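*Asks:* Going line by line, the protein sequences match chains Z and D. For what it's worth, the numbering used here labels the leading residue of the first sequence as 1, then goes sequentially. For what it's worth, the numbering used here labels the leading residue of the second sequence as 1001, then goes sequentially.
In case anyone wonders, no lab produced these hints; they're calculated from the structure. There may be inaccurate statements among the hints.
Stated by the list, open to error - Computed Cβ-Cβ distance ranges for the label pairs, DEER-style:
#, chain 1, residue 1, chain 2, residue 2, range
1, D, L1022, Z, A112, 58 to 66 Å
2, D, I1181, Z, E77, 17 to 25 Å
3, D, I1181, Z, E343, 55 to 63 Å
4, Z, D327, D, I1181, 51 to 59 Å
5, Z, T130, D, S1023, 56 to 64 Å
6, Z, M332, D, A1011, 56 to 64 Å
7, D, V1285, Z, S18, 24 to 32 Å
8, D, V1026, Z, G45, 53 to 61 Å
To be verified - Counterexamples of contact, computed for chain Z against chain D with all Cβ distances above 10 Å:
#, residue
9, N74
10, R215
11, A331
None of these values were measured; they are calculated from a predicted model. C-beta: ideal position from N, C-alpha, C; glycine also.
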Amino acid sequence: MAYCADVADVRLTSLTKSFDGVTAVDDVSLHIADHDFMILLGPSGCGKSTLLRMIAGLEDPTAGDVEIGGTRVNDVEPKQRDVAMVFQSYALYPHKTVQANIEFPLKVRGVAKPERAEQARAAAATLGLTEYLGRKPGQLSGGQRQRVALARAIVRRPAVFCMDEPLSNLDAKLRGETRAELVALHARLASTFVYVTHDQVEAMTMGSHVAVMNRGRIEQVGTPQEVYARPASVFVAQFIGTPPMNVLPAGVVEVGPWLVGIRPEHVTVDRSPAAPTEGSSSVEPSDTAATVTLVEHLGHETLVHARVDSGLGQEVPVVVARLDARDPAPAMGERVTLRFPAEHLHRFHADTGRRVDERAAEVGA
Amino acid sequence: MSRRWRDLPFAVAFLAPSLLILSAFVLYPLGRAVWLGHQRCDATGANCRSNGWDQYVDVFRSEEFQQALGVTVRFALLTVPVGLALGIALAVLADKHLRGIGFFRTVFSSTVATSVAVASLMWFFLLNPSVGVLADWIGGVAKNPGLLRDEDTALWAVAVSSIWANLGFTFIVVTAGLQSIPAELYESARVDGAGGWTRFSNVTLPMLGPTLLFAGVVLTSRAFQAYGEFDLLTGGGPNGSTTSLTYLVYGNNSIIKNNVGLQAAVAVLLFVVLILLSALQIRGVERRVHYGN
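Isolated chain Z (complex conformation) (with noise of 0.2 Å):
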């Protein structure tokens, strides 16, 4: 008997999964929302396809709760869950055609034969394969065959649908121009979407929500806005953004017992050199004097790698700042000015790398 969801929302209770000791997934809650695009963030090995699997029914939790619509679905059988899946590698069957691809999810189902093949194309019309119909996938270009994967995860409605790294096998201008489809093929399904990436783009820019994970836990949960602009974590803070969110050690920018971190676009640049720190009223106490050790023109952007001049006896750290195209870059070697405006620093507890709350930080100062 399938199951159907009417809300179809995805809640996990404390979801671990390990494999011969090794957790993959470490106590994992997660709440996604009905009709929600949801991004699993995270470097390779973090446990994000893991935590995905499970959603689809292809791993058992070795702990905890997936909820699928309000029902406990940990011992429903994957294709009794309503949910489709996107792999990484199309998984198309090689010997059939696309027509036929995309039909046997219906098939299986026993869906009548001038049904379900009207339905296919249906969905290949919406993703414009219909010229492809007779093909196999062998006669496709990767943008094709991935398309291909998604009309055959359409052409039976599912209330969730689960991708796993489905962009990441297409050359670059295919995966931008196949994002912009995406966002669109969600507003019209009006579906959940799961979809794990390690690609910060994708998440910041077809995400409603993005979870940020890290061996195998979830660092945060927010909307691609918040995740970039209040980072909970240095993990965060340095996995999203590029150039990454410059942190560095206590005593450089400010004087706490906790790791100061700042956008490269939030940095500016001063070509002429800071005045001697003691005994000079003049100079900001965020200034900071630096040398430029690279300059990247990125055409649209020019990055400005410079290295503190005050160590404080530590690892003398670079920080990267990001300026506009038109301003005058300075030059490699030029000594110049770094400012630090405080309305953009962030604040990380230096032990445990949690971001330290705004309210805390002046109460500690």
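Following the hints, put chain D in place on chain Z, whose structure we already have.
*Replies:* Below, chain D alone, put in the same frame as chain Z:
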């Protein structure tokens, strides 16, 4: 002078060792067999004189050849499909990540290391009407006169022994084929709602296509060339019911035992039949076999 011609001496020099071996052990015997096929010789193969090339046609039309061809074809039809089906079944059974599965894989593939002579002797004793365990279990015709001694059952009994002996080969080939099927195809089918049998018929079997074509051609060719089991189990009998084409050529009880020319003619005809059959098999099945992406 083109580069190809200038390279010719080197090409010949590099090819010489292979050509020499091929000539001595394949081309010369083949040519001699074809030549012998139109000869009439004495029992020692000497004092040959031409009997005309029509001898091939006469042999092909002879009752003995037709009967042996029938036995051979029936033997192939008995052994190849059953052998393939059993090989697939065992391979699918052993294609699981279970503790101790290696033991079963070893057992299932062990017949590949068993010679035809050993396999035949084993089955000979198992089916022996007076001491054979299997003969005791089966009873009836198996006890009197014995499966290998009854005209109606002898070919079946030899086929069983041959299927058993070839099972290891089929198992290994199919296992290798199974391991090249991507796991995602099964997972995708599972999520799409396919049960075990649907996954087998929609993923496993089609993906095994090239493997099964290969195994089928090899098993057919083996069936047509099988000799040891006929020689050791039945000696072509009873009453010619297990006289295959190879037994007609080599067998001690063969009616043309002492006629090298006729033996050569049968051997060459078997060669031709086998080539045609393999070509037909490959052309016929290949259209429905899918190779990779």
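*Asks:* Which numbered conditions among the earlier hints are violated in the structure presented, ordered from lowest to highest?
*Replies:* 7
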